[in-house]
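Student: Chain by chain, the residues:
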Amino acid sequence: MLTSIILLPFLAALVILLMPRDYRVAIRGVALLATLGSLLIATKMFLGYEAAEVGVGGYKFIQRIPWVESLGINYFVGVDGINVGLIFMGAIVAFAAACVSWEIKTNEKLYYLLLMVMTGGILGAFASLDLFFFYAFHEFALIPTFIMIGVWGRGENKNYATYNITIYLSAGALIALVGLIGLYLQVPAAQRTFDIVALTEYFKANPMAANAQHFIFPLLMFGFGILVSLWPFHTWAPLGYGAAPTATAMLHAGVLKKFGLYGLLRIALPLMPEGAKQWLNVLALLCLGNILYCGWVAMRQRDLNQLIGNSSVAHMGFVFLGIASLNLIGVTGAVVVMIAHGLLAALTFALSGYIRTQTNTLNMDEMGGLLRKLPFIGAALVMAMMAGCGLPGFANFVGELSVMFGAWKASFGHAQWFVVAAAWGGLVIGAIYMLRAVRSVLHGELSEKWNDVQDAMLWRKTPFVLLLAALMVFGFWPRLLTDKIKPSAEAIVKMATATKAPEAKVQTAQAK
Amino acid sequence: MFDDFKPEDVAWIILFLPLLAAAGIALFTKRDGKFSAQISITAVALTFLVSCGLFLMFKDAKLVPTTPLNWLNIGDLKVEIGLRLDPLSLLMLLVVTGVGTMIHIYSFGYMKEDRCMGRYFGSLSLFMFSMLGIVLSNNLVMTFIFWELVGVSSYLLIGFWYEKPSAADACKKAFITNRLGDFGFILGIILVWATLGSVSFDELQQRLLKAPEAWSGVAAIAGLLIFCGAMGKSAMFPLHVWLPDAMEGPTPVSALIHAATMVAAGVYMLCRVFFLFGAHTVWPEFLSFLNGWSALDIISWIGGFTALIAALMAVQQNDIKRILAYSTLSQLGYMVMAVGLTGPTAAMYHLTTHAFFKALLFLGAGSVIYACHHEQDIWHMGGLKKKMPVTFWTFLLGTLALCGVPPLSGFYSKDAVLATASEHSVFLFIIAALVALLTTFYMSRLVLVTFFGANRSDHADHAHESPKVMAWPLVILTVPTVLAGFWGIDLFLGRQLAPEAVAHHGNFLETMFAPFGHAPLAALVGLGATIFGFSLAYGIYANAEKDPLPEKLGFLSRAMRDRFYFDEIYSGLIAITHEAVSRLANWFDRWIIAGLGVRGLHGSTEIVGRALRLVQTGNLQTYAFLFVAGLVLVLLFALK
Numbered sequence: 001m002l003t004s005i006i007l008l009p010f011l012a013a014l015v016i017l018l019m020p021r022d023y024r025v026a027i028r029g030v031a032l033l034a035t036l037g038s039l040l041i042a043t044k045m046f047l048g049y050e051a052a053e054v055g056v057g058g059y060k061f062i063q064r065i066p067w068v069e070s071l072g073i074n075y076f077v078g079v080d081g082i083n084v085g086l087i088f089m090g091a092i093v094a095f096a097a098a099c100v101s102w103e104i105k106t107n108e109k110l111y112y113l114l115l116m117v118m119t120g121g122i123l124g125a126f127a128s129l130d131l132f133f134f135y136a137f138h139e140f141a142l143i144p145t146f147i148m149i150g151v152w153g154r155g156e157n158k159n160y161a162t163y164n165i166t167i168y169l170s171a172g173a174l175i176a177l178v179g180l181i182g183l184y185l186q187v188p189a190a191q192r193t194f195d196i197v198a199l200t201e202y203f204k205a206n207p208m209a210a211n212a213q214h215f216i217f218p219l220l221m222f223g224f225g226i227l228v229s230l231w232p233f234h235t236w237a238p239l240g241y242g243a244a245p246t247a248t249a250m251l252h253a254g255v256l257k258k259f260g261l262y263g264l265l266r267i268a269l270p271l272m273p274e275g276a277k278q279w280l281n282v283l284a285l286l287c288l289g290n291i292l293y294c295g296w297v298a299m300r301q302r303d304l305n306q307l308i309g310n311s312s313v314a315h316m317g318f319v320f321l322g323i324a325s326l327n328l329i330g331v332t333g334a335v336v337v338m339i340a341h342g343l344l345a346a347l348t349f350a351l352s353g354y355i356r357t358q359t360n361t362l363n364m365d366e367m368g369g370l371l372r373k374l375p376f377i378g379a380a381l382v383m384a385m386m387a388g389c390g391l392p393g394f395a396n397f398v399g400e401l402s403v404m405f406g407a408w409k410a411s412f413g414h415a416q417w418f419v420v421a422a423a424w425g426g427l428v429i430g431a432i433y434m435l436r437a438v439r440s441v442l443h444g445e446l447s448e449k450w451n452d453v454q455d456a457m458l459w460r461k462t463p464f465v466l467l468l469a470a471l472m473v474f475g476f477w478p479r480l481l482t483d484k485i486k487p488s489a490e491a492i493v494k495m496a497t498a499t500k501a502p503e504a505k506v507q508t509a510q511a512k
Numbered sequence: 001m002f003d004d005f006k007p008e009d010v011a012w013i014i015l016f017l018p019l020l021a022a023a024g025i026a027l028f029t030k031r032d033g034k035f036s037a038q039i040s041i042t043a044v045a046l047t048f049l050v051s052c053g054l055f056l057m058f059k060d061a062k063l064v065p066t067t068p069l070n071w072l073n074i075g076d077l078k079v080e081i082g083l084r085l086d087p088l089s090l091l092m093l094l095v096v097t098g099v100g101t102m103i104h105i106y107s108f109g110y111m112k113e114d115r116c117m118g119r120y121f122g123s124l125s126l127f128m129f130s131m132l133g134i135v136l137s138n139n140l141v142m143t144f145i146f147w148e149l150v151g152v153s154s155y156l157l158i159g160f161w162y163e164k165p166s167a168a169d170a171c172k173k174a175f176i177t178n179r180l181g182d183f184g185f186i187l188g189i190i191l192v193w194a195t196l197g198s199v200s201f202d203e204l205q206q207r208l209l210k211a212p213e214a215w216s217g218v219a220a221i222a223g224l225l226i227f228c229g230a231m232g233k234s235a236m237f238p239l240h241v242w243l244p245d246a247m248e249g250p251t252p253v254s255a256l257i258h259a260a261t262m263v264a265a266g267v268y269m270l271c272r273v274f275f276l277f278g279a280h281t282v283w284p285e286f287l288s289f290l291n292g293w294s295a296l297d298i299i300s301w302i303g304g305f306t307a308l309i310a311a312l313m314a315v316q317q318n319d320i321k322r323i324l325a326y327s328t329l330s331q332l333g334y335m336v337m338a339v340g341l342t343g344p345t346a347a348m349y350h351l352t353t354h355a356f357f358k359a360l361l362f363l364g365a366g367s368v369i370y371a372c373h374h375e376q377d378i379w380h381m382g383g384l385k386k387k388m389p390v391t392f393w394t395f396l397l398g399t400l401a402l403c404g405v406p407p408l409s410g411f412y413s414k415d416a417v418l419a420t421a422s423e424h425s426v427f428l429f430i431i432a433a434l435v436a437l438l439t440t441f442y443m444s445r446l447v448l449v450t451f452f453g454a455n456r457s458d459h460a461d462h463a464h465e466s467p468k469v470m471a472w473p474l475v476i477l478t479v480p481t482v483l484a485g486f487w488g489i490d491l492f493l494g495r496q497l498a499p500e501a502v503a504h505h506g507n508f509l510e511t512m513f514a515p516f517g518h519a520p521l522a523a524l525v526g527l528g529a530t531i532f533g534f535s536l537a538y539g540i541y542a543n544a545e546k547d548p549l550p551e552k553l554g555f556l557s558r559a560m561r562d563r564f565y566f567d568e569i570y571s572g573l574i575a576i577t578h579e580a581v582s583r584l585a586n587w588f589d590r591w592i593i594a595g596l597g598v599r600g601l602h603g604s605t606e607i608v609g610r611a612l613r614l615v616q617t618g619n620l621q622t623y624a625f626l627f628v629a630g631l632v633l634v635l636l637f638a639l640k
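Taken in sequence, the protein lines are chains H and Z. Note that my numbering has the first sequence beginning at 1, numbered continuously upward. Note that my numbering has the second sequence beginning at 1, numbered continuously upward.
If you are wondering where the hints come from, they were derived from the structure by calculation, not from laboratory data. Hints are not guaranteed to be accurate.
Simulated crosslink set (BS3-like; lysine-lysine; CA at most 30 Å straight-line) [claimed, not checked]:
id	chain 1	residue 1	chain 2	residue 2
1	Z	173	H	449
2	H	373	Z	386
3	Z	30	H	373
4	Z	34	Z	112
5	H	449	Z	164
6	Z	387	H	461
7	H	461	H	105
8	H	494	Z	468
9	Z	387	Z	112
10	H	373	Z	62
11	H	44	Z	78
12	H	44	H	461
13	Z	30	H	461
14	Z	30	H	409
15	H	486	Z	112
16	Z	386	Z	112
17	Z	164	Z	59
18	H	449	H	158
19	Z	387	Z	546
20	Z	546	H	373
21	Z	62	Z	210
22	Z	210	Z	30
23	H	461	Z	34
24	Z	210	H	449
25	H	409	Z	387
26	Z	387	Z	34
27	H	373	Z	164
Note that the structure is a prediction, hence the values are computed from the model and not measured.
Sequences are here, hints too, so could you generate the full structure?
Tutor: The structure is reproduced here in structure tokens:
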């Protein structure tokens, strides 16, 4: 089941490769069908998750195909409460991204080929339970991102943005790779494996040496952190998203970016509780940079995409805060924010992409009164902006609320003041820039030059309706997510706060 | 779900009917304004009927909870959404749905010519859903959820005419100011949860009884944080600035949301969590200068202060809706002051009567504005008494009730507030009496200038009575405006909010003169203030052509008209704080992080690359030399 979700986009890529380049409609049709197929299967998996049989390590829908047995590399996929939601969200966003790709008018064959590879890579990375595939799938998704921004990107900053995002993300992925190799080497040669479940079991029984943890944890934290635009390594994000084609921005900001967070949750926290203890207060401090600082930066943006990009960076701060709080409520909230933000980021970038095709600009000073011309897109944008500043009824609210409740009880020093700052960032600063955007884009008098602007018609509404509906379903009924996440988050928190510290042993060894 | 059906679960219908109406309108019928209006009106009328039924069924019960729904359940964080029927919520239900129904019907006439009538009624139904959620809520998180939803529906309705820049700015301002209050509110909720381990009102009450000592350390600060929420919604100083601007919305919206219901939600919420304020007050160290004050003291002073400044501002406004807006602010200050003076019964009583007569006054003002073709300046009206008799007489009754003329409802509720003040604080009692005087003064000014004297403009000359669909709600609203003082609302509420007080039912005459019996001072002072305020206004404004006060009072009058410059002070403050920080952050982002960091990294990599290129000479001697040098270094380290 999982394999078919991942395989469909890759198959589509293969089919597109074999098609003549001027079969534009057919190429687009293949891409749409493949993502729709993935979405349907992912929905079935998400709905059937509770009833599915539990396999190794508490994972469900497991499939394992041996690959390089001498190195212990297997194709091994499976889901627990955390990635089942992420894959479902990823499939929704992938379909929506394929839908909005109608704006691409040049070299469609290559574009859809890359889009399909990227989609397959993303879904594969979240499904993999094998370190090798986990990382390889991520690279599969990352490289098309760079090419797509470089070829189909927009705006005068395109080249600088491509170059910036490539350097940052490659550096982040590389640092994380060093960390992962270090982790791999901590296992005695005879038992070395890429199997995440086996690794988790191994380190549960034989905790890693404390000094190794202190060294490897920051590598993963900063490596993965850069991939998620952790402050102060965030400047690539607004810049890159501003230049990227709509679908790329949706897929990257919405789904691929969560890979770093997922890595932190799945690998760094449970395997290295000592490292976590030492480094998570640093993470908590940096996440305020995301929430407050990037919020302030967003307040000054006059370009809609830059504003959305900065706000997306700011939202990542809530996930970091939830992870740093290291308790059940905070971690569960962080996962909810990951999923909610994925849907929301995709929605806002899709909307701004639509507006851009109509107006050829995203400069908010030139816009105004567009709600009259765009009743549907405008209403969707208002809803997206409201969801972005944490309005109840959308999934983001549930996540941010739980993160704040969780962080209040976190063990790092002055946790309460962190919550105060986060609430200020989320409730006040968020509201200021979101409503300013609504005010200058949609409200006010309509300028005459926008007389030809057209609202989205019929099927072009599909991606927006789909994303909004998902946000609201999870917002109204959050237990669809939290009941799945909770047991898995509990297991992670339990391992990450395990008190069995080998530190004393190491110190005495050094003393001798 | 239906196996264990209980009659009180009917309350869920009240909550979800308006939501269904809103969703139906948004998804299907938005283009057909008239049909949307009918859906919305039917929904609200049905909720009113169901509310009446529930009221009759449960009016003698103490507390009836509905079957709860487990909404969120993560570890210690349990949020069970359920509805709570007790005297407080039953009364509020009737007020919200009753006044709401009248205003929905009135809107049908008022908004008839607007091409976005569908959007209007959709938003109105969304508002009803959110407001009823606050009323029926059984826990703090649910209150917060609907609190935010009320904020957003108010945002949508204030900005209904979003093409007008002033309306677009006003809705933004309202939402952000409310968010400032909600920032405190959510922190207060988290603090309550972290200390007492629950968010449900019931459980909190029980845990407070069992272990009050855990609470006393945070009671004051948590109380004030929760009060922040009320400060935002009920527009208390210093967050009062959004309410007058909110008058940019359509007038029925001002009547429903910004006079009768939403702004009263703050007071309602304070009464709901009043039990949290009882504990002994200890301030944390960094607030130790507040020692000797309880949270309730601070609340009552903020209420009293708001009542006074708002009444002063109202004296020099010329826009008919703005006068009423400041009057609303002032009356809300009254209610909050009453809560702070440990008189939630008086506060809720005044809230109820105020909802009736203030809705009536706003609808009357809407009728005047409609007749004068959207003219809102009272000095461009005049002599409307003969042209609009229904509007005039109903407006007059509303005014008299607001001024506290016996035996209208306003007299009794205001007397309850004054009596509470006279028992607890002399200063606040004096302020309250002064506010009563000012209230009569500015309302008399409004009536004298608008309805009496000569016509001052063509619009006023051609004015005629509004259509029946607008006139009837006015007439119906006069009934509670006049009679609500005799319905024993205070006794009904007292059962829940002040159970220790002795309650006795008297006959009609006894009820009528009761205020003079148990708090004669308050009643007489209130009455005196009313008479004095009216004679003052009559002396100045009877047959006046223009306002003589600006000349007499000079700067003071200008300061009153310009709202004591709060808006200017705030925008200055925001400019030197948030705007400056945001400018700085943006600069730092662009030049330091992206500039030095990224380009610097790029540059330094390039320099290193160039430097290393120098080593790659291709010359065998150089390589041999470097090799030997390296070997020596390694040996040096190894042998040391």
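Student: All the hints need checking, so say for each whether the structure fits it.
Tutor: Each hint, compared with the structure:
A hinted pair counts as satisfied when its Cα atoms are at most 30 Å apart, and residue 173 of chain Z with residue 449 of chain H qualifies at roughly 28 Å. With a CA separation close to 44 Å, the supplied pair residue 373 of chain H and residue 386 of chain Z exceeds the 30 Å bound. Simply put, residue 30 of chain Z and residue 373 of chain H have alpha-carbon atoms about 16 Å apart, close enough for the 30 Å limit, and the pair holds. Taking the CA atoms of residue 34 of chain Z and residue 112 of chain Z, the gap is near 8 Å; set against the 30 Å cutoff, the hint holds.
Between residue 449 of chain H and residue 164 of chain Z the alpha-carbon distance is near 19 Å, which keeps this suggested pair within the 30 Å criterion. At most 30 Å may separate the alpha-carbon atoms for a hinted pair to count; residue 387 of chain Z and residue 461 of chain H exceed this at roughly 51 Å. Between the alpha carbons of residue 461 of chain H and residue 105 of chain H the distance comes to roughly 20 Å, so the proposed pair stays at or under 30 Å and holds. With a C-alpha separation of about 68 Å, the suggested pair residue 494 of chain H and residue 468 of chain Z falls outside the 30 Å cut-off, and the hint is violated.
At most 30 Å may separate the alpha-carbon atoms for a hinted pair to count; residue 387 of chain Z and residue 112 of chain Z meet this at roughly 22 Å. This hinted pair does not check out: residue 373 of chain H and residue 62 of chain Z have alpha carbons roughly 53 Å apart, beyond 30 Å. A C-alpha spacing of about 29 Å is found between residue 44 of chain H and residue 78 of chain Z, which places the hinted pair at or below 30 Å, so the restraint holds. In summary, the hint linking residue 44 of chain H to residue 461 of chain H is supported, as the alpha carbons are separated by about 23 Å, within the 30 Å threshold.
Proposed proximity of residue 30 of chain Z and residue 461 of chain H is supported: the alpha carbons are some 17 Å apart, at most 30 Å. The hinted pair formed by residue 30 of chain Z and residue 409 of chain H fails the criterion: a straight-line CA distance of about 46 Å is larger than 30 Å. A distance of roughly 51 Å separates the Cα atoms of residue 486 of chain H and residue 112 of chain Z; the hinted pair therefore is violated under the 30 Å criterion. Proposed proximity of residue 386 of chain Z and residue 112 of chain Z is supported: the alpha carbons are some 25 Å apart, at most 30 Å.
Of the pairs offered as hints, the one joining residue 164 of chain Z and residue 59 of chain Z is violated, with about 46 Å between alpha carbons and a cut-off of 30 Å exceeded. A distance of roughly 26 Å separates the Cα atoms of residue 449 of chain H and residue 158 of chain H; the hinted pair therefore holds under the 30 Å criterion. For a cut-off of 30 Å, the pair hint linking residue 387 of chain Z to residue 546 of chain Z stands: about 21 Å separates their Cα positions. The hinted pair formed by residue 546 of chain Z and residue 373 of chain H fails the criterion: a straight-line CA distance of about 44 Å is larger than 30 Å.
A C-alpha spacing of about 21 Å is found between residue 62 of chain Z and residue 210 of chain Z, which places the hinted pair at or below 30 Å, so the restraint holds. Between residue 210 of chain Z and residue 30 of chain Z the alpha-carbon distance is near 53 Å, which puts this suggested pair outside the 30 Å criterion. Distance hint between residue 461 of chain H and residue 34 of chain Z is fulfilled; the C-alpha atoms sit about 26 Å from each other, no more than 30 Å. Of the supplied pair hints, the one linking residue 210 of chain Z and residue 449 of chain H is violated, its CA atoms being roughly 68 Å apart against a limit of 30 Å.
A hinted pair counts as satisfied when its Cα atoms are at most 30 Å apart, and residue 409 of chain H with residue 387 of chain Z does not qualify at roughly 65 Å. Taking the CA atoms of residue 387 of chain Z and residue 34 of chain Z, the gap is near 29 Å; set against the 30 Å cutoff, the hint holds. As the CA atoms of residue 373 of chain H and residue 164 of chain Z are separated by approximately 16 Å, the hinted pair is consistent with the 30 Å bound.
Hint compliance for this structure: hints 2, 6, 8, 10, 14, 15, 17, 20, 22, 24, 25 are not met, and every other hint is.
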